Amino acid sequence: MTNEDAREFVKVIRDPVHDYVGVPNELLPLIDHPFVQRLRRISQTAMSSSVYPSMNGRRFEHSLGAMHLAYQGWIRTWSNTNRQIRTDFRDAVITSLQSELDDTSRTEESAPHLLSEISTDEQFARIIAIAVGAAALLHDVGHAPYSHTLEDLFKAYADWIIADCGQAAIANFDLSRSASVGRDFHEQIGILLASRLEPEVTSRIDWRVVSNILASDPATGTWDSALHDLVSGEVDVDRLDYLLRDTRNSGTEFGAFDKERLLQSLELLPGAVVDPRLETGHENTRWVIAFGSRATSALETFIINRYQYYRWVVYHYHTVIANRMLKHCVFYLLQLEKVTDQNGKLRANPVLSGAFLNYFVAQGDMDTKALNRQLALVDDHTIIEWIKRGISKFAQPAEQELDYERRARIRFQCLASAVLHRTTNWVPMWKTDEDYAQFCYERFGALTTVVESMHSRCKADTAPLRNGGLNRISAIRESFIHMLYDREDVPLNQAALPPESVPLLNSIAREIVGTSTEADGGTRFLREMNAAEYFTRTWPPVDGHPDGFWIFAYDEIKPWRVGDEAAQISRNKTVKPLSEQSSSMLVHLERVELRRAQFHCYFVTPNGDAMRNSDSVGAITGRFRAHFNNFVYASLKANVED
Amino acid sequence: MKELDHGQLKTSRQQKGGDLSESYEEVLDEIVELPPYVDPFIETEKAVYQLVFQQPGREYTIEEIASVAHDMGPVDPREAAFSAARSLEALGLVAINARTLAISAHRVETGSV
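Top to bottom, those sequences are chains B and C.
Under the working numbering, the final residue of the first sequence carries the number 758; numbering is consecutive throughout.
Under the working numbering, the final residue of the second sequence carries the number 206; numbering is consecutive throughout.
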């Protein structure tokens, strides 16, 4: 490190990815805060270590890495930006913050922002660098135990978790939840926790800038959105760090891109659209932090590596089931604890309090500092200890056990065994994309017949009620299947090679169990579970596995984004999305994705020993294959009928 | 066509003399009717579209569309309804205002499908 860098940072932390992470004085108290320290006990990639044993990274080191890259990224951005643009940006930030302070609709007492005190570009750049670093450090503090894997359940059962917090706290939380429908739960909670730790951190951090960055919507062109995109956008410090770190931990080669080149090329640029929040009636600036065109190849490599990482590591068939099993395990444990009913819905007045899972809404009369430390106690261990207790607590049937309780008990024990002991009591219907392609190929004729049948139904339904709404949905949904299919130039009811038949089943699976995004409060999980339960109920059971059940999983990768949401490239001071400038190599990823196994089906059984018998596996696989078409028919029929 | 993997069931055509392993016949073109399948997500999608289709162009709030969501167990009706709206958006039926999250149905030509 240079002497200048040494003066800039009060602490230097060794890191296997970035070698050294410098910590600015202002951010040190933030790192030491229990909310950030809690991330040492929140796994980065949940159950991926079932497949990649060294993949035991924690959110803490990732957050440090993101902070380092955000700070460095902003410093490079500022140094690559010309004086006029710097002045305009600075004015935009200060004007915006001032207008928030002047807003008469604000009822709380507003603290002045540090930016109102500064006079030079250097001071401004430093305050923003600290704020961007703080936002990056805090971008994951809202994560639930086991990160994304249990996020849906925490969101769905938040009412139970915070039930003891008092009406005012609950009402406040519900208000913030309304405003964040469709957003990731950890982002929503991150904003809440950041505001809770603010009073404890007395160093010179401009919290207005930090909270604006955390709360802003991505890719909208406001100044805080531009900074948000640097922290958490299409190509951002979050992704740069996790791709480098997680691939390294997994032992794969996918983190081989030129991060330095990317950071060195960053520029702040204005576009020309209206910032709707200022409402001045004049044209305002659309702010973008873009990559210089010299980094185009590094960007392409990054996007390809990210796709590879998702394809081979995150959506490895074993990783997928390991994470789904943890989620199902907690789902059934909640039923056994009589917190939820047989549909997974919260019961009125459950005996067990959810307070032991509360890491986001404070309760009690303690001061803020003590309350924050209490919230920071909830981590991965909380979940594991709860599951361990559940194993002995629900080892035996309860008196007068109901059918669904028996089912929940057997399934919980079976899933807990897989989670804790990695018991191989499950079998996938396919492992590789090739296996899946073969399966699709064998069913191609039958599935196209099903699609044609649905098409006929839609036509018949739609004829008398052309403008009736429901039937229009049926018709368009059915055409969606055709649309995906036609895009591949494979006409229905004609022979197709194995890879070409894959998009059809992928699109059918999306119709049956998928949703447009995973950030849907558990909707996709419930759809997967609902469909798998129906399959379990209707398929002919296999000898030796009377209590076996199915788990379905649908996961789609969006290889890269296009338009405003894409990474932006600057060429001769003009900003254009990478999607308009890059080679067809990245477009090819979309075709690869269409042929990837987006759908997975697993059979899980309490009788794991019998699973080792290849005849047993053969019977399960055979029955699955024989039953699958009937299942698809029944599921799609539900879509097109009233 | 690829040979079946070891351990998979064989069709009777693939069984050789003396092979007593369990066999199955793949019925690829014949569909057996199963009990009706009910998917609350699809029902929600239909209900949301029914609602917003009544006044194409009018913006409906999350709370309004959540009021017609079907029971999805633990999922907040607002999340279920919004997820359904996103699905309808992907089908080209509705528009979602990115800032306010309000949903509106596209105007459609009478008679078009």
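Because the hints were derived from the structure by calculation, they are not lab data.
All values derive from a computational prediction rather than experimental measurement.
Treat the hints loosely; a few may be bogus.
Claimed, not checked - A few chain C residues facing chain B, derived, Cβ under 10 Å: (1) 132; (2) 150; (3) 152; (4) 157; (5) 175; (6) 183; (7) 188.
Every residue gets a Cβ at the ideal spot worked out from N, C-alpha and C, and that includes glycine.
Outcome of the hint check:
1. 132: holds (5 Å)
2. 150: With Cβ-Cβ at 15 Å, over 10 Å, it is violated.
3. 152: violated (15 Å)
4. 157: The hint is violated - residue 157 of chain C has no Cβ within 10 Å of chain B, the shortest such distance being about 13 Å.
5. 175: With Cβ-Cβ at 5 Å, under 10 Å, it holds.
6. 183: This hint holds: residue 183 of chain C lies near chain B, its Cβ roughly 5 Å from the closest one there, short of 10 Å.
7. 188: This interface hint is violated because 14 Å lies over the 10 Å limit.
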